[in-house]
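**Student:** Here is how the chains run, residue by residue.
2 protein chains.
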Amino acid sequence: MHSLLLAAGAGHERIPVLLAVLALIVVGAKLGVALATRLGQPAVLGELLAGLLLGNLALLGGPDLRGLLVSEALLLLAEMGAVLLLFKVGLESTPQEMLAVGGRALVVAVAGVITPMALGFGVGELMRADEPWMLHAFLGAMLAATSVGITARVLADAGALQTPAARIILGAAVIDDVLGLIVLAVVSGIITAAATGVALAPAAIAWIVAKAVLFLVGALVLGGLVVPRLFKTALALPPGGVSAALALGICLLFSYLAARAGLAPIVGAFAAGLVLEETHAADHVARGEKPLEEALAPLAAFLVPVFFVRMGMLVDVSAFASASVIAFALVLTLAAVIGKQVCGLFAPRGVSGLTIGIGMMPRGEVGLIFAGIGAQLMVAGRPVVDAGTYAAAVFMVMATTVATPPLLLWALRRSQGPSR
Amino acid sequence: MHSLLLAAGAGHERIPVLLAVLALIVVGAKLGVALATRLGQPAVLGELLAGLLLGNLALLGGPDLRGLLVSEALLLLAEMGAVLLLFKVGLESTPQEMLAVGGRALVVAVAGVITPMALGFGVGELMRADEPWMLHAFLGAMLAATSVGITARVLADAGALQTPAARIILGAAVIDDVLGLIVLAVVSGIITAAATGVALAPAAIAWIVAKAVLFLVGALVLGGLVVPRLFKTALALPPGGVSAALALGICLLFSYLAARAGLAPIVGAFAAGLVLEETHAADHVARGEKPLEEALAPLAAFLVPVFFVRMGMLVDVSAFASASVIAFALVLTLAAVIGKQVCGLFAPRGVSGLTIGIGMMPRGEVGLIFAGIGAQLMVAGRPVVDAGTYAAAVFMVMATTVATPPLLLWALRRSQGPSR
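So the protein lines, in turn, are chains A and B. Counting in our numbering, the first sequence runs from 1 upward without gaps. Counting in our numbering, the second sequence runs from 1 upward without gaps.
Among these hints, one or two may not hold up.
Identical copies look the same in the list; a pair holds intra-copy or inter-copy alike.
[What the hints assert, rightly or not] Listed below are the simulated DMTMM-like cross-link pairs for lysine to aspartate or glutamate, each with C-alpha atoms no more than 25 Å apart in a straight line:
#, residue 1, residue 2
1, K232, E289
2, K232, D386
3, K88, D316
4, K211, E131
5, K211, E289
6, K211, E13
7, K290, D64
8, K232, E131
9, K290, E13
Just so you know, these hints were derived from the structure itself, not from any lab. Note that the structure is a prediction, hence the values are computed from the model and not measured.
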């Protein structure tokens, strides 16, 4: 029992410093967002920049905060941020909506996954020939997934959510996310198997895909049956944050289950969001509780920036000192842009292919999550995604994120013609 | 750079399990609160019970979740909960209000600190004669501080916040908190010094007290000058959560500075709350932002239960298997109740001494924080507060917390006479 109480106090010494770092993250993110907003850029860019600055204070003679990235505490807060973000994205669409945009969105999504993957792999083979093929595979995976969050936000800000192009972009971006996450599971699985010295049998690859599909189908079907009943049952509890606590509990539980199924926690959070609808909480809202998204928004407002600032902190600016890293970052960004323009070729008649191609362009959080996971996968004592490639990947994400809002606005206006 | 990226991934394996534990904490706390509410008990009791259950699942054949208490991540979330709670308590009063209740509250507070400390020390000398004097000192400190949060909530729920008795209780409880925290700093300092083998010189004790006072005065005076200007300057940022982020940043920064001054982070959070007033954010609220307390409430609603559930998890139920622990818990509770009744002797004419004595009774979070810190202080490889004493302290906190609401209601009605 003594050892237990001792253990309960372990790491207590670092808590005040972590509180100070959180203060820097909270205020730094706000300043970064203010700067980005002033420059007409999306908020996520400002948070990445704040993290970049905080993580590289040592270059300016400040303290080396990057040492704190080892903290499980900061990692958990950041992971919760990613989980809440994907939960929110899932919450904003239904399984039915995903099915309704159907065929066209699926074709656009598949084209928008395969082409960038091939380009990313090719760029790796050409410019990172000395690195193992696993890095090339990861580069492909990193370029695959569109950031549905950034896309949706830009379309909403432009008041264009109800255009045919927007519906196809959003549908395809959602499918893209799922495809990208399956790709990630397969690539990680192959690499993990390789790291332990065995080749991954085709049956094992099939099992990874099957587990991912089984989890998604199971979560959507079983979840679709159980979740509404849970909200009904929870009406027996006295009102006051009941629906928000239940939604958060389901989101966290699904994240855990996804990880148990070999997927990333964010896949589970996204599935939980798809299953959950605001209508499930309607009776709770009638009792005076807030709608789910509104209730969870302040928590997300604290945790999501922790994720993006921490991601920015991971970037070692000194990695850009090499001309080869800069060249690599530019070529990777070019591959990312070209890869998604192929989506435009599958636009239906009367819908601007250019708009769709640009709308699918931003990589945002999912690309960063891929890069982060790649940086954590160890093969022969080295991370699959090295610091230079990580820096290039973050550059690619930042560049596609910065370029999308003005370009998409321009494409939307152009396709609507001079009548506007 | 490779080792950096590796380090960034350290502990990643445990993240999904922590997400699952957080799901259990969020839902378990809500169920516990529902049960407590149904039984007419305060919410905090339900959260402690939920933690007690989660921490002792192994006794019921379930998994041993108490092993996860070593996690720095859970500790940081819990500490942030305690910090936000004390910040909120501080936010609800001003330095001026503390001065206004003045002399009478100070006398009540001092009597309500000295008597329970003497009783706690005496109980330790009698019933824990084999343990070092440090434990006895900690028992005294644990009994000292009234839980201003629980007291205020009970008075508010009873609609009695504006009675003379309530004003004296709240003023004294706030002073009590500060006195208690100074007591804690002195006791911890003496014990830490003893642990390193040197006796603490009187000058060193004076320095501990001076540091605490200097921090509080500095935080209140300097903070009082700087904080309103910070909120004015922040009006230059585009609106949207600016005031909440600034308040949270200030709260976390003060917590860090308090720890640097040798105090607990919660002292800093409380000082930040005292300095901050809703009026500082008035211009931000006029721009469409929420008032500070409303803006931070959802974050507190998530983090505060993590603190209390984790505190409950720390209780090893098997520690109660010993009759001596049960007897000790009962005597400690008796000392806690009697110690605060002395406060009633200093009630002014026309104010019920019984009401004041009962109102000062609940120990709540501060007592638990003391017990937790004592459990983390190591002397000669053993924690100062052993598991049995910790269990007895939690019993004392729970008993005074449970007993206060009904007793205080009864005393309020009795003092208002049969006219009501």
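**Student:** None of the hints should be skipped; say for each whether it holds.
**Tutor:** Each hint tested on the structure:
1. K232 / E289: Within one copy, since 14 Å is at most 25 Å while 33 Å is not.
2. K232 / D386: Cα proximity of K232 and D386: none, with 49 Å in one copy and 44 Å across.
3. K88 / D316: neither (30 Å within a copy, 38 Å between copies)
4. K211 / E131: neither (30 Å within a copy, 56 Å between copies)
5. K211 / E289: Result: close neither inside a copy nor across copies, 37 Å intra and 45 Å inter.
6. K211 / E13: Between. Shortest inter-copy distance 19 Å satisfies the 25 Å Cα cut-off; intra-copy 41 Å does not.
7. K290 / D64: neither (41 Å within a copy, 35 Å between copies)
8. K232 / E131: neither (54 Å within a copy, 53 Å between copies)
9. K290 / E13: Close neither inside one copy (38 Å) nor across copies (34 Å); limit 25 Å.
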